[in-house]
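Here the sequence shown is numbered in the working numbering, starting from 1 and rising by one per residue.
Don't read these hints as lab results, they were simulated from the structure.
Because the structure is a prediction, the values reported are computed rather than measured.
Think of the CB as a built atom: it goes at the ideal place given N, C-alpha and C, for glycine as much as any other residue.
One or more of the hints may lead you astray.
Pairwise CB distance ranges, derived in the manner of DEER restraints [as the list claims (entries may be wrong)]: (1) ASN133 to GLY67: 14 to 22 Å; (2) ARG117 to HIS61: 14 to 22 Å; (3) PHE107 to ARG65: 36 to 44 Å; (4) HIS141 to HIS83: 27 to 35 Å; (5) ALA76 to ARG109: 41 to 49 Å.
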Amino acid sequence: MIKIETAEKSSRIVPVYFDSALIAKFYLNEPGREAIRSLARDAGSVVTSGIAVAEVSAAFHRKLREGSVDRDVFDALQGQFQHDLTNGLWRLIGPTEVLLQQVRTLFLRLDSSVFLRSLDALHLITAKAEHFNRIYSNDQHLLSACPSVDLEGINPIRQRRPEAVPSDPSRRSAVQIPKKRRAYRKLKENKR
1 MIKIETAEKS SRIVPVYFDS ALIAKFYLNE PGREAIRSLA RDAGSVVTSG IAVAEVSAAF
61 HRKLREGSVD RDVFDALQGQ FQHDLTNGLW RLIGPTEVLL QQVRTLFLRL DSSVFLRSLD
121 ALHLITAKAE HFNRIYSNDQ HLLSACPSVD LEGINPIRQR RPEAVPSDPS RRSAVQIPKK
181 RRAYRKLKEN KR
């Protein structure tokens, strides 16, 4: 496991709020991991709801169940996550009765068109209660619900856009030309 250094003590620490999905991606070898690690390192302090312990552990288990990681990697992920929790990389805010009541109130006034899961609502309420103006997530439903609690939702993952394949069949050959050129060049080189 790679160790992440926190910001130097002399720099001003401006904490950020991550939802559980970003914390899981911090550990998993998936697109966006480096952007998440960089943001955490630059912030120096990452705050999240205490439910992240269960959610991140469940995300790791899902990867094991799906076969994306083997038992050794799963155990290493869980061990590193526990180590980082113990050493304060993640600052946990417990789900108090007051926060849970605020979640209930949020759902009472939430527009019926807004898709929001209960644990995502707890993340939003926790971030707001801790006086954050923004929350970092890659969960589109959570990000779309941010205005409901006057939070800015930010997806820090900068993924490369896959090359678009034109739907017009007459334009498809233009997409394939570079591949054909490489094959043609190889053929020419082999004839020499």
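Comparing the hints with the structure gives:
{"no.": "1", "hint": "ASN133 to GLY67: 14 to 22 Å", "in the structure": "violated, 40 Å"}
{"no.": "2", "hint": "ARG117 to HIS61: 14 to 22 Å", "in the structure": "holds, 18 Å"}
{"no.": "3", "hint": "PHE107 to ARG65: 36 to 44 Å", "in the structure": "violated, 30 Å"}
{"no.": "4", "hint": "HIS141 to HIS83: 27 to 35 Å", "in the structure": "holds, 31 Å"}
{"no.": "5", "hint": "ALA76 to ARG109: 41 to 49 Å", "in the structure": "holds, 43 Å"}
Against the hints set out earlier in the document, violations occur for numbers 1 and 3.
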